[in-house]
Amino acid sequence: MTAAELEALVKLIGEARHIVLGTAADPASRADGERIAEAWGGLVLATVTWPETAASWLRQAQRFAAPDPDVWVVAATPTGWAGLSRRLLMSTRWSPHRTVVTATLTDSRLPGLRGARADGTTWEN
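In terms of the numbering used here, the sequence shown opens at residue 1426 and continues consecutively.
Taking lysine to any residue pairs in the SDA-like style, the calculated list, with each CA pair at most 20 Å apart, reads:
(1) Lys1436 <-> Thr1547
(2) Lys1436 <-> Ala1462
(3) Lys1436 <-> Trp1548
(4) Lys1436 <-> Val1469
(5) Lys1436 <-> Leu1468
(6) Lys1436 <-> Gly1466
(7) Lys1436 <-> Asp1544
(8) Lys1436 <-> Arg1523
(9) Lys1436 <-> Leu1470
(10) Lys1436 <-> Gly1537
(11) Lys1436 <-> Asn1550
(12) Lys1436 <-> His1522
Cβ pair distances, simulated, as ranges:
(13) Asp1493 <-> Asp1544: 26 to 36 Å
(14) Ser1516 <-> Asp1544: 31 to 41 Å
(15) Lys1436 <-> Ala1480: 28 to 38 Å
(16) Ala1428 <-> Ser1481: 31 to 41 Å
(17) Arg1518 <-> Ala1479: 12 to 22 Å
(18) Glu1432 <-> Ala1480: 33 to 43 Å
(19) Arg1518 <-> Thr1427: 30 to 40 Å
(20) Glu1440 <-> Arg1542: 18 to 28 Å
(21) Thr1517 <-> Ala1428: 29 to 39 Å
(22) Asn1550 <-> Thr1427: 17 to 27 Å
If you are wondering where the hints come from, they were derived from the structure by calculation, not from laboratory data.
Predicted model, so just to flag it, every value in this text is computed and none were measured.
From the three backbone atoms N, C-alpha and C, an ideal C-beta is built for every residue, glycine too.
Required output: the full structure, derived from the provided sequences and hints.
Now the structure itself:
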């Protein structure tokens, strides 16, 4: 994650009271999640990590959505996020409109999802 991307993500989180942080299980995603939480400096209600492949991702989806934060923040790989986001949409009250993602997920096409690119520019579907 670049410094410009991190700064843009913190701006997207804005003045949220609290967040839930979700990461893939790989070391880079977990490190990015830690950097985001530290740079933002607010209350993290939960941190949920998920694998690249899973039978259903139901347990992780429920843990990710349950705290109902102001903002969900995701640092993950496209493969794991694709599986988890499908489960989130099918089985929880999670909203992509309240979710921001890192540059690794720029190609995600969920309506309402927002994110930051490595150069610090932001996007919204």
